[in-house]
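Number of protein chains: 2
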Amino acid sequence: MPKAYNGKILRVDLTTGHIQVEEPGEIVYRTYFGGGGLASYYLLKELKPGVDPLGPENILIFASTACTGIPISGWVRFTVAAKSPLTGAYGEAEAGGFFGPELKFAGFDAVIIKGQSPKPCYLWVHDGQAEIRSAEAIWGLETGPAQERIREEVGDPRARVAQCGPAGEKMVRYACVVNELKHANGRTGMGAVMGSKNLRAVAARGTQRLEMHDPEKMKELGKLQSELIASWGPSKVMRNLGTPNLIMPLNTAGILPTKNFHTGAFEGAENICGEKMRETILKAEEGCYACAVRCKRAVEVPTGPYATSPEYGGPEYETLGSLGSFLCIGDLAAIAKGNELCNRYGLDTISVGVAIALAMECYENGVLTKADTGGLDFRFGNADAMIQAIHWIARREKGLGDLLAEGVKRAAQKIGKGAEKFAMEIKGQELPMHDPRGKTGQGLSFALSPTGADHVEAPHDTPFAQPGPMLGKIAPLGLLEPVPARENGPRKVRNFVYLQYLWSMFNSVGICNFTAGPVWSLPLNKWPEVVYAATGWETSLFELCKLGERTVTMARVFNLREGFGRKDDTLPDRIYEALEGGALAGKGIDRKEFDEMLTLYYEAMGWDPKDGVPTRGKLAELNLYWLDEYVKGKR
Amino acid sequence: MPKAYNGKILRVDLTTGHIQVEEPGEIVYRTYFGGGGLASYYLLKELKPGVDPLGPENILIFASTACTGIPISGWVRFTVAAKSPLTGAYGEAEAGGFFGPELKFAGFDAVIIKGQSPKPCYLWVHDGQAEIRSAEAIWGLETGPAQERIREEVGDPRARVAQCGPAGEKMVRYACVVNELKHANGRTGMGAVMGSKNLRAVAARGTQRLEMHDPEKMKELGKLQSELIASWGPSKVMRNLGTPNLIMPLNTAGILPTKNFHTGAFEGAENICGEKMRETILKAEEGCYACAVRCKRAVEVPTGPYATSPEYGGPEYETLGSLGSFLCIGDLAAIAKGNELCNRYGLDTISVGVAIALAMECYENGVLTKADTGGLDFRFGNADAMIQAIHWIARREKGLGDLLAEGVKRAAQKIGKGAEKFAMEIKGQELPMHDPRGKTGQGLSFALSPTGADHVEAPHDTPFAQPGPMLGKIAPLGLLEPVPARENGPRKVRNFVYLQYLWSMFNSVGICNFTAGPVWSLPLNKWPEVVYAATGWETSLFELCKLGERTVTMARVFNLREGFGRKDDTLPDRIYEALEGGALAGKGIDRKEFDEMLTLYYEAMGWDPKDGVPTRGKLAELNLYWLDEYVKGKR
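Just so you know, the protein sequences line up as chains W and C, in that order.
Position in the first sequence (first residue = 1) + 11 = our numbering.
Position in the second sequence (first residue = 1) + 11 = our numbering.
Careful, some of the hints might be misleading.
Said to hold, decoys possible - Listed next, the in silico DSBU-like pairs over lysine-lysine satisfying Cα-Cα at most 35 Å (straight line):
1. C:Lys230 x W:Lys230
2. C:Lys56 x W:Lys603
3. W:Lys643 x C:Lys578
4. C:Lys537 x W:Lys247
Claimed, not checked - What the simulated footprint calls covered on chain W by chain C, stretch by stretch (three residues with Cβ under 8 Å from a Cβ of chain C suffice, anywhere in the stretch; the number is not a length):
5. 486-494
6. 541-550
7. 605-613
Read the hints as simulated data drawn from the structure, not as lab findings.
Just so you know, these numbers come straight off a predicted model, no measurement behind them.
Ideal Cβ positions, reconstructed from N, Cα and C, are used throughout, including at glycine.
For reference, chain W alone in the conformation it holds in the complex:
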């Protein structure tokens, strides 16, 4: 066995105030690694099935990884995980920024938080120490002032603060966790879990750098990564335009989600695209810890009703979609304002936009009226209504805000009158801004992600579908042939399964999609070398893919024991129906062919095709036989 990786886990019981440090040992770290892998390991071991996600029995985990914070572009992310109050299923969201590395510098791989604080509090983690401090003075503050106050209190302006914001305090079911005011663990309502625990923030600061197993090797790999980023076309696009670069190509392809998935082309696309942002409101290109890509945007709208401050960053592609094309809003300043508000309140911009779209479609169909919307004209395209709705949702105000704060699934059920068909959700989580009708692998990704519709828990398939440099990048997996984006069938399933191993593994190793996914700088075969240089483990792409598969399987088991099954692995009816406009007008997804792909997927994963229950043999193979007790009654 190689030299042990010596990570530490911080355990905090907010009910009792008890804090302790645990060293799980090398086998656990190497098998579960960090992020989603380590979090699901502890959740499966220690969380009772069936608990209220917003009750004290839920367990909230902040998890960096054995590699988070190494000096190499893109290996920076950390996970927040718990049972999701939005879906009732496995909850997990990743974020970049600076918090993940700082938690490592502060001496911990992960923080496992149990119980419920009797009063508002925050956790201060610094150089191997941790303390629970009162947050009574910051409770109710927006994220900016709260961060400032915490930094003052702990006496360190470089403390990194991951917090839930006022929306989390109000337990908006899709409240997120924000660090540095602009990097969000966005999905599955992890901010609401913080709020339910009266935990406003985790602040971290460490003065120790990470010890690399092989510093020379790491330096060499970091240099290679930087050179590749500097020379590789997609990296330059990401630097130049950020994720908003996607607006125009997706619009042209007819898969820019528009008007609550009615259509795939938005006439105002040019006004909200990355190029337009660069010409108008872009204030700065920014990046995460140690990253040369610098895909993050800081925008400023200096004056007017949508005046925004650059300290809250700028809208990503997802937000330009969810608060823009999805709502038929072609006003970049309004979207930027909406984005800023979400970061001030701690709201997931995707779920917010999809929730507002539900209300707009209900309104246009007479299912909601001005009596329900606080007197606002809630039509698609009304930017002011969108802005107002964000305030209301974050504060659970005016009936409508409280309703939409529950997420579209619960909201539509409460509205009734057929509103369910306007609710674009899977397992209760709102769909991201990608239309499976143009890329069926994305449909698999949405239907099969354990966190509900999610675009970072499983792969997009478009960049890998066509001949070209991306196909060569995945050749080390044995994926050698192009598979057209709209193809259904076994080849698509094969590609999806292997890419899902990778995407899942990203979230356990802390790798960013934007250095390892579409932008993909370092070749796949270098990844085990990076892990080696960091930890001393002579791993392989095989072991790393198995880590990804293991993590997907653990999340599946989590969901099975909460009562989820094949019935929940589906798409909203609208996605099966034809697109009303754009380049793919008339195209839907064939329900039977899609269902057949699900069957192939389950079987390819070693899961019972009836309900997606992993076989005992598959659990054994993945070193997860200890989970058999949770699913044996389900076969």
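Chain W is fixed; fit chain C onto it per the hints.
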């Protein structure tokens, strides 16, 4: 896509004499690679199910690999494959030596041989050319004279000759293919298939060296491999004692197969061990093409009834077992003579020994008498009887020879009177010299090998079972914890499945067990680099393991369509029963626990636990969906 690997396939129809050359293209080569992978691909595509293995419809494939013959120790092997006349199942056997590389030098990755020659013939393959030549003058000759004659006829003393020998001509069901008189594709009766086609030999010669994609990288890896072999303890043991080094440790551990698996300790072990061979009859250490290990033995018994010539090599561990301890024969000279005779006739030494053991046990139990044994006293321990029996078997003489030439399964059925319980076979193939009662992974290996009981189609588990350097060697697969040799259950299945990926892959890439298996010089993570340097494919351990899994699955499908199923994946009754002596006296294999491991294995492989039929999803995942038509009626 990287630069294409430009291999060629030679197709020969012996019925018509038609010869053609095919270039299957890079995708086929990279997906199926060579050896067992490429052979099973073509057999599944082109061989009709249900054909007589000894009829003209059987297809015989000689397959090197995309890496065979590269200048690096141990990447030297080639495969001969066909439907097996011994088992009726998938037949495959690998050999080292010099033939595999020479076939590559001659311009071909593989030779696919169909039909039946009207007269004895041999195939002469040289520098991109091929011709069918008459073998009437060599038919009936022992291998030595035949090789000499062929070299004379083709006018090249460096022609490498792989031939079936007189035993193959007689279609002894376990006749092997021998190259250089001493390297055997031993198992599953591939020599009998040659005989049935009237094909005595394939002779190859090429004057072109292989073109490496990255010669500098290959040089560096070759140097590293040589340094590791020079410094790594097990390599030194292999050099010093060869495979016979195993006799004493296995005897001490109580798992040296003795007296037809009655016991695991042989009182004459010291007289037949590697150390004794070195002290007495060892003439030279030899090796295969480009290999620094040099584990092969050449022995010489200068005079007496057992006088042997070193040009036929010397007995491996398997032969010391099968003609030695297994028959209670403690006379090294007699074993050496038996080994030489097997190489002269072209007989598999393992099957020969186990066949003789059947006769001896029948004789001692009165099931056979002197009337059946040609008057010989056929007791265990009678070395002369063993020698005589080899002659008879090879020539199918004296009733007994003809009977035993059918293999122990058919022979025991013909003998009747309960002889079946003395027949140590699985799927009709005789067990190698490893006792699963001391290493349950070996039991899985025997029961699950598609070729019947076989020690090189799936892993031994002993060296990987204990803490120590071997465990670290497999850590890149994520196998981090020791699993005791006699443990049953999920951990054992997990280890077995991953190691089977490797072992299966060895046979498709042409890697020798003795540089990659127990001796294991180059670290696992260097293997993809070797493939890259040879072919230009940026592969990974993931892709290579999937190649192994794919090949196992193809062979499974082959067997399913021939009517094999779970009922055939078992061990002889005796192996479940207690060992009668030695360190593990009293130990057997728990039938229920073993059966439970089989279920876990099927499930871990994505196979139906009822009969081991791969699911459609698993076929899709492995890029084998085209095989669904063969098994869909079996689910």
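- Hints breached by this structure: Checked against the structure, no hint fails, so every one of them is satisfied.
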